[in-house]
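Engineer: Plus 70 on top of the position in the sequence shown (first one is 1) and you've got the working numbering.
Derived from the structure by calculation, the hints contain no laboratory data.
These figures come from a predicted structure and were not determined experimentally.
Virtual Cβ for every residue (Gly too), placed ideally from N, Cα, C.
Some hints here could point you the wrong way.
[What the hints assert, rightly or not] Label pairs and their calculated CB-CB ranges:
{"hint": "1", "residue 1": "L146", "residue 2": "L227", "range": "22 to 28 Å"}
{"hint": "2", "residue 1": "I263", "residue 2": "A174", "range": "54 to 60 Å"}
{"hint": "3", "residue 1": "M273", "residue 2": "L226", "range": "31 to 37 Å"}
{"hint": "4", "residue 1": "I271", "residue 2": "I124", "range": "34 to 40 Å"}
{"hint": "5", "residue 1": "A122", "residue 2": "Q211", "range": "35 to 41 Å"}
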Amino acid sequence: MQGTLIALSGRTNATVCQQNKIYQLKLSADLATQALPGSTVEYDLSSGTITAFIEKPQVNNIALSCDLTVPEHQILSRDGSYQLCAEGHSFKECYKNLASCATAHHINALLNLKGEYVKRPFARHLVFRLCAEGAQISGPQYNPDPGFKLTLPLKLLRRNSPSQAQKRYHIVLLVCLLLIVEPCLSALMQRQILPELVAYILMGALPMLCLLGAIFDNPCRSTVYLKQVRH
71 MQGTLIALSG RTNATVCQQN KIYQLKLSAD LATQALPGST VEYDLSSGTI TAFIEKPQVN
131 NIALSCDLTV PEHQILSRDG SYQLCAEGHS FKECYKNLAS CATAHHINAL LNLKGEYVKR
191 PFARHLVFRL CAEGAQISGP QYNPDPGFKL TLPLKLLRRN SPSQAQKRYH IVLLVCLLLI
251 VEPCLSALMQ RQILPELVAY ILMGALPMLC LLGAIFDNPC RSTVYLKQVR H
């Protein structure tokens, strides 16, 4: 079977996604050195192991590494205080967003790559997230743009995920809707503009509809942002 590698825990435990189903599998030490979030892997459920890497993500002119080093390259500059993060419906989308931001800010290496996913109750789709430290490296394959130093997009600095913030915003809107509509329905009923039975049905159904809306809401913004690392 084939799936998408999401994350590594330690060096031998891997999280794999296949059709929005999550599996916890084992990974050999040899294969762990090749692991990158978003890689297509082949695995055996009966033994619970990853057997091979089918395809690894690649970005033009940008090195990808789950460590803080790139073989045969020297790190010229790196700021470990911040992480570049990207969210989307797939890791391919996340890599595209990260690469676009990195190129615009003269970053030619994404180090300490980490993949994450958010699976909300009753949601049909996962939210994928990639985080990495931007760096400039020099070596036989990758070299920085001449005359440009590493710059981080501080205007994109955020405290939390945009998708999480959007979900909280939607919940606040639903609560505000309840606080406005429920008293209006009660007032219409007291003035006998709205029949009591209809008013009670609407006043009882509205909170349930808002609750269902909050449960099934699964915002996923295709975006890139900067996050400060807490030490």
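Engineer: For the hint 31 to 37 Å, verify it against the beta carbon of M273 and that of L226.
Structural biologist: violated (43 Å)
Engineer: Has the hinted range 34 to 40 Å been met by the Cβ atoms of I271 and I124?
Structural biologist: Hint violated: Cβ distance 55 Å, outside 34 to 40 Å.
Engineer: In this structure, is the beta-carbon distance linking I263 and A174 contained in 54 to 60 Å?
Structural biologist: holds (58 Å)
Engineer: Between L146 and L227, does the beta-carbon spacing fit 22 to 28 Å?
Structural biologist: holds (23 Å)
Engineer: Is it true that the C-beta distance of A122 to Q211 lies inside 35 to 41 Å, as the hint says?
Structural biologist: Hint violated: Cβ distance 24 Å, outside 35 to 41 Å.
Checked against the numbered hints given earlier, this structure breaks hints 3, 4, 5; the rest are met.
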